[in-house]
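Top to bottom, those sequences are chains A and B. Everything in the first sequence is counted per full-length UniProt numbering, starting at 1 for the first residue and increasing by one. Everything in the second sequence is counted per full-length UniProt numbering, starting at 1 for the first residue and increasing by one.
Just so you know, the hints here were simulated from the structure itself, not pulled from any lab data. Careful, some of the hints might be misleading.
Computed footprint of chain A on chain B, listed as stretches where at least three residues anywhere in the stretch have a Cβ under 8 Å from a Cβ of chain A [what the hints assert, rightly or not]: (1) 80-94; (2) 113-121.
Here are the simulated distance ranges between beta carbons [as the list claims (entries may be wrong)]: (3) B:371 / A:141: 55 to 63 Å; (4) A:117 / B:147: 52 to 60 Å; (5) B:120 / A:88: 43 to 51 Å; (6) B:243 / A:117: 29 to 37 Å; (7) B:355 / A:117: 28 to 36 Å; (8) B:226 / A:141: 43 to 51 Å; (9) A:28 / B:165: 53 to 61 Å; (10) B:92 / A:117: 27 to 35 Å; (11) B:113 / A:180: 46 to 54 Å.
Glycine is no exception: its CB is placed at the ideal position from the N, C-alpha and C atoms.
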Amino acid sequence: MTDAAPSPPGPDVVISVRGLEVAFGDHMVMDGLDLDLYRGEVLGFVGASGAGKSVLTRTILGLVPKRGGTIEAFGHNLDHLTHQEKLQIGERWGVLFQEGALFSSLTVRQNIEVPMREHLKLSQAMMDGLTAQKLHLVGLPQDAADKYPSELSGGMTKRVGLARALALDPEIVFLDEPTSGLDPISAGDFDDLIATLQKTLGLTVFMVTHDLDSLFAICNRVAVLGHGKVSAVGKIEDLLQSDDPWIKAYFHGKRGVVRAGTRAAPSPAPHTA
Amino acid sequence: MSVGPSVVRDVEGDELVLSLSGDWTVANSAALEATADSLIEPARKGGDAILDLAGVNRMDTAGAWAIDRARAELAEAGVRASYRGARSEYAVLLKEAGYQPIEPPKPTHAPTAISLLSEIGESVYTAGHDLAEGVSFFGEMVAMTVRLLPFPHRWRWTSMTYHLENYSLRSVPIIVLINFLVGAIVMQQGIFQLNAFGASAYAVNLVGVLGLRELALLMTAIMIAGRTGSAITAEIGSMAMHEEIDALRVMALDPLEVLIMPRLVALVIALPALTFLADLAELAGGLLVSWLYAGMTPIVFITRLHNSITTDTFLVGLIKAPFMAITIGIIAGVEGMDVRGSAESLGANVTASVVKSIFMVIVLDGLFAMFFSAVNY
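Okay, chain A solo, but in the shape it has when bound (with noise of 0.2 Å):
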């Protein structure tokens, strides 16, 4: 390992997903799901609202039960860990819940002390400096860092809950819609915030999104879930000329044309009429 600088995409699996079954009852959720993670890449994944993206994300991370499939990550089934090997992983992936998941009773600053608190040996002022150093990164005053979850708004929660998932300097960060809820300016930072971390860590990002923006922005790989399984995972270019009717609807539909710029005028308001 003389040479770690970050790799362009490329065939370095870091997880891989087999046959993954996972029902509730008798409902079968994902049925024979096959994903690749590719080390450096922003892996973006659509797919209709209550299709299961999130549940995807949650039993990647263990905390959905599967019924069948096997799940490898940076080389190594989820299923058959020692205690060790879980401690390692943990560290080396972060994670951004869709409404942050902030501890309640813990300052931002503690919040994203946790993790360092927890997994590593750091002096107080080194993590104190290191969490000015994110709250920094994801774009908060440093004045934040001492109010609790409560008073925040969700934009807010939303950066705090990336500052603490990046506190490790994971290899994988998952975000579960990052951007939703936050204005344009603030959804386009994020955006450049990923794309900054990818090109000078080569981080890899499992990003669960509808923002479009976000997938054309960002993201090198597009996969599309739909019937439990990946329908069509590849370039967004190569997804625009897909002739699946929910593809063509997600792209082309009234929110994607705009970056055709052919998006039709909204109809007037009445009283404007």
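Dock chain B against the given chain A, drawing on the hints supplied.
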């Protein structure tokens, strides 16, 4: 495979060159911090310094922060430090994820004596505030009852029935069990202690009067404060946390009417009913012990019970029950509505709800005891 961070010092002309190498990553956290600290000291002596990053194998945001902090601290000491030879992506990282000056967290602790006094003052004030809040809440409930009385269709019968089942029917096993045991224990101790005076037969009076007037009600009310009061606070509190109560308000619905009223009514019906069962269980416990332990036949027990108690003895206990129920319901409701954002606050309010309910139940029982003695009931 991972090489710890290290630094080599060298002098080029009048410039100090610090050549960094190895992995500057968070995985080497302890070494990272120590090495970064060691960057600062020798360079302080003056002159300019160059941080040569060409040998850095890997760097992450923690590494970038540590290196950039050294630069910032040197700058503060008047040493101009610059980077050299950094890979392009690391140069970006040093810029984006660099050192941020932090404000030290404000000290929050006042001197012990002052904070002790201020906390005492605060709790006295809070106690008064709680009382006022409880009374005003009670007033609102009374006003609402009067307002709703002519409109039976506006009472939430479904919700009331649901809560009534939860509070009464599902509490029956535990209430009957503890009161049976209390009756048995009082009977056993009564027989045992009174035996010294040859008066063990009077243990029946003890169980009859003490049980019906005080114990059955107290045990039941305390159990319900713990079981149902806590549940009410937790339910309402979790709704308050998730903006459900705000949602009701913007629909022009009164959360007190929708959430508190049905629970309060259910509680006012449930507690007397449970107290009645508790009375029976307590007497049954006494009967069983007197039979097995003292050899008193059930017929004798019942005859003695007849001589020692009247309907009034039984009614004294029962009359108090609805007041206890209102107290528990009001406290649980006030505490629930008072929950703020965090999980900690929910826990604190549920605790407060149970502690205050039990305390008030006992205080109220004492007041009733004085009242009933005064009116010779």
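How the hints compare with the structure:
1. Chain A is given as covering the region 80-94 of chain B, and this holds because 5 residues of the stretch bring a CB closer than 8 Å to a CB of that chain, at least three being needed.
2. Counting residues of the region 113-121 of chain B whose CB falls under 8 Å from any CB of chain A gives 0; the rule of at least 3 is not met.
3. Our hint of 55 to 63 Å for residue 371 (chain B) and residue 141 (chain A) holds, since their Cβ atoms are close to 60 Å apart.
4. Judged by the Cβ atoms, the range 52 to 60 Å given for residue 117 (chain A) and residue 147 (chain B) holds: they are separated by roughly 54 Å.
5. Take residue 120 (chain B) and residue 88 (chain A): their Cβ atoms lie about 50 Å apart, and the range 43 to 51 Å holds.
6. Roughly 31 Å separates the CB atoms of residue 243 (chain B) and residue 117 (chain A), a value that falls within the hinted 29 to 37 Å.
7. Restraint check, residue 355 (chain B) to residue 117 (chain A): a C-beta distance of roughly 32 Å satisfies the suggested window 28 to 36 Å.
8. Taking the beta carbon of each, residue 226 (chain B) and residue 141 (chain A) are about 45 Å apart, inside 43 to 51 Å as hinted.
9. Distance hint for residue 28 (chain A) and residue 165 (chain B): a CB-CB separation of about 36 Å, inconsistent with the stated range 53 to 61 Å.
10. A beta carbon spacing of about 28 Å between residue 92 (chain B) and residue 117 (chain A) agrees with the range 27 to 35 Å that was offered as a hint.
11. Between residue 113 (chain B) and residue 180 (chain A) the beta carbons are some 51 Å apart, a value that agrees with the proposed interval 46 to 54 Å.
Consistency with the previously given hints fails for numbers 2 and 9, ordered from lowest to highest.
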